[in-house]
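Got chain U; can you put chain S on it based on the hints?
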Amino acid sequence: MADINYTAKDFKSENEVRWCPGCGDYAIMNAVQRTMAEMNIPHEKFAVISGIGCSSRFPYYMSTFGFHTVHGRATAIASGVKTANPDLNVWVITGDGDAMAIGGNHFIHLVRRNIDVNLVLFNNKIYGLTKGQYSPTSDRGVVTKTSPFGTVEDPFVPGQLVVGASGNFFARAVDSNVKHTQHVLMQAAQHSGTSVVEVLQNCVIFNDGIHEEIADPKFRNERQLFLEHDQPMVFGNENEKGLVFDKGKLKVVTIGQDGYTLDDILVHDAKTADPTLHLALINMCLPEFPVAMGVIRSVEAPIYDQEVTKQIKTVQASRKITNVDELLRSGNTWEVNEESSSDPVPFFLKKCLLKQM
Amino acid sequence: MKDAKVIELEEVAIRFSGDSGDGMQLTGTLFSDASALFGNDISTFPDYPSEIRAPQGTVGGVSGFQVQFGGKQISTPGDYAHVLVAMNPAAVKANSKFMNPGGTIIYDVDSFTQKNLDKANFKTDDPFAECDLIDYTKVPVPITSLTRESLKDYGMDNKSILRSKNMFALGLVCWMFGRPLDYIEGYLKRKFAKKPLVVETNLKVLHDGFNYGMNMQHMTPQYIVHPAAIERGIYRNINGNNATAWGLLAAAEKAGLELFLGSYPITPATDVLTALAARKDLGVKTFQAEDEIAGICTAIGAAFAGDLAVTSTSGPGFALKSEALGLSVMAELPLVVVNVQRGGPSTGLPTKTEQSDLMQTIYGRNGESPIVVLAASTPSDCFYYAFLSAKIALERMVPVVLLTDGFLGNGSEPWRVPAMSELPSITPRIAKDKDSFQPYKRDEKTYAREWAIPGMEGFQHRVGGLEKSITGSVSHDPENHEKNTEYRAEKVERVVEMLPELEVCGGEEGDLLVVSWGGTYGHTLSAVREMRKEGKNVCLAHFNFIKPLPKNTKEVFSKFKKIVVCELNMGQFAGYLRDKVPGYTYHQVNKMKGLPFTVAELTQNFNQLLED
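Line by line, the protein sequences are chains U and S. For the first sequence, this note's numbering gives the first residue as 1, with consecutive numbering after it. For the second sequence, this note's numbering gives the first residue as 1, with consecutive numbering after it.
So here's chain U without its partners, still in its complex pose:
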């Protein structure tokens, strides 16, 4: 393929972007557009599919082929797009309400089938478009318009759902950290199979600061663990802290203390099929642990859309029926050719038999 020199600008549409000023969506869109520009894929091969919610307006702001669908179904529609044409580069833009509530079923089945689409999950733990109701990722006890006395239910952790649905790629990023988000999105784009990138997104109007404790750049190194495959799991301003596996659990240690050296620190293996450690990383939360960022799991596995194509090719290699005429005449047929037989009349020209009576 010839080199294509796109910039992020080539992926912006003429439509005016109408998210609230200060919305985290702007930064995520920037990161997506930059990622696409660097992918060296012809512009017309991109299809961006979304559901319903603030983030789902995304396709209108992209200059690619786009489909703004109905609530919760972007994953199912994207499954159809990619299965019909595996040559396309398909992105699903969705939010915590769209993917985890009304579209939860399609989400887990997309992940289970491992269809090669890139899913970006904007998680702001709130329903923004309907103006501030709790979502399935809202923390227990949160007070919103529909939970004036606090919720009495536990949230989904998106990464757990991905692992639980036998998913093969899960990554996490923070909206305001565009460079890192872009780095993660590129790895997601390069992964073959369903990739889920959870972006912690800030809803400036209805849930402002919900991820601030994690996202605050001042404490970024202390509170976020940036994972890279084959690299030790270290964090802290001086990379002085790290994770070890102790008595079946993750534990934060300081290198140089209690006899721990860098050699004791776990080395991240995103590519192992065993999800045990990936799940433990997904579950880490403040204050005991830093929050895991970057590509947590990236495993090679059979890809649905490619398997469908492959199966058709295999069957066709030894097929006996090559077109519909042959199909219609296959199996148990018999010929009628009596003297009393009449000439056949094409169906759409047939007249009612009672005419003659």
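Hints are not guaranteed to be accurate.
[As the list claims (entries may be wrong)] Incomplete in silico selection of chain S near chain U, CB under 8 Å: (1) I230; (2) E258; (3) A294; (4) D307; (5) Y384; (6) V417; (7) P418; (8) H461; (9) R462; (10) L499; (11) E503; (12) K559.
[Stated by the list, open to error] As a list, the in silico BS3-like pairs of lysine-lysine whose alpha-carbon atoms are at most 27 Å apart: (13) K351(U) x K562(S); (14) K320(U) x K280(S); (15) K313(U) x K280(S); (16) K350(U) x K254(S); (17) K351(U) x K561(S); (18) K45(U) x K280(S); (19) K280(S) x K351(U).
It should be emphasised that the hints constitute simulated quantities derived from the structure, not laboratory data. Glycine is no exception: its CB is placed at the ideal position from the N, C-alpha and C atoms.
Structure of chain S alone, referenced to chain U:
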């Protein structure tokens, strides 16, 4: 030995009936196929319980298969059976209402034990008297013990032996009707090619059944039904669901597109999915989705991506698809939805037929959400209406719903297979000029927009569920919404130009016009034919096009003194006609029993109307 009683008939209906585990569907199918190969025209109707294995021996667990065959054109599986094959007392009870007066009942006398009589809730030890079947020819055959005897040297366990009982019955019936066994033999050999013992034992029992009939001529009447004279050509047996699947394949080939089916298994529509899943050789992509919603959504995605996209379902599944169907109205993508109707509401009568999804199909969505609605009328013409549904969807960029029903989907008939060259062309509206392309720009005549498919350079655009301007941008402009609402409605109305006019069977004018639609055709046609034979001026107008209605509908209606609308619901089409073609009195014949009409009940109603 006394010669067998030979009965010569124009047409015969025979019903196989037993426990749902007795293999009655297979027995009926094999017999039907053998009859069709013999040259008879046939029509079949499986009638089975929604439980795969309801309690053995109970009336609820009875599974039946009726086939009518004859020397003239057969339009229905027959109102009443001439011959009933009953594998147990429950089968007698379940079918007593469906017998022709003076018919023949062949029954497995071994199974008429006290225990089985109790299970079927018989109060006395004479089940036939209890069911008012005194004057029928009853042929007790010890099917179970003869099957056991037939297989005694094979060292099989009792359960396996009893599984072959149906072959004994089949062999016997084949003798009665003079069917050669070669087709059935060939089928068994192919089907169980890897299990030679199964082939051998089944063939043995089949032949023993056949020979039993021959040897016991004194007690078994023999029927002769002459072959039918029909159009020359290659024939096959086909059921409605297979015909639907193959019609879609034909459309994809004509249009030069790949076929995609997104679907979720549901009775009685599953066989459409099954039939297409088998056709990897023709490149079909079938996507067994996680639910009905994903079934249609994957199809909409495939339509967006440039495939001939289809979703298949039945009533409850159609309800779940309604929001997404609205999306395809708004996005103006080509989509075919097949609804194989069943008894409703809710889970209703999953295995029984009904026409009660008409209103749901025409109106069951939020907003002004017009779609094209077609209905097939026989098992084999499902092929043509599926083809036409796809042609309309692709050429007019509009969702099309094809209504069939459980009766058509599972019923079968012989079909002269067409050549692909007999079918009209299909030209999808794929966009050609990227400079003038706009997503919602419409053809002046048809109001159809163009189809620009991801991957086409220079045609990048956005569609979606929000109201759009011509450029594909979101628009809340009141004028624009009103205009687009009208365009979408008018686009559907203009499909009428693609459709043939409504035909009247019988004559241009008369005393009574029988109006029917969809799967009731065979029965209304037979009823009208019977009445015309009696010299009554009754005609039939059968609708395959529901929305839009054929152009000449009003003109047809205006020529008749009375109009009666017959349908398997409480009058949904009649209500629709009152709205769309006002000014006439629409009498109604309705039935909500989960069963097809009988010709007898139709003629009785028509005669009443003629007298009033």
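Consistency of the hints with the structure:
no.	hint	verdict
1	I230	6 Å, holds
2	E258	7 Å, holds
3	A294	4 Å, holds
4	D307	4 Å, holds
5	Y384	5 Å, holds
6	V417	4 Å, holds
7	P418	7 Å, holds
8	H461	7 Å, holds
9	R462	4 Å, holds
10	L499	10 Å, violated
11	E503	5 Å, holds
12	K559	15 Å, violated
13	K351(U) x K562(S)	23 Å, holds
14	K320(U) x K280(S)	11 Å, holds
15	K313(U) x K280(S)	8 Å, holds
16	K350(U) x K254(S)	21 Å, holds
17	K351(U) x K561(S)	24 Å, holds
18	K45(U) x K280(S)	26 Å, holds
19	K280(S) x K351(U)	36 Å, violated
The structure is inconsistent with the numbered hints 10, 12, 19, although it conforms to all the rest.
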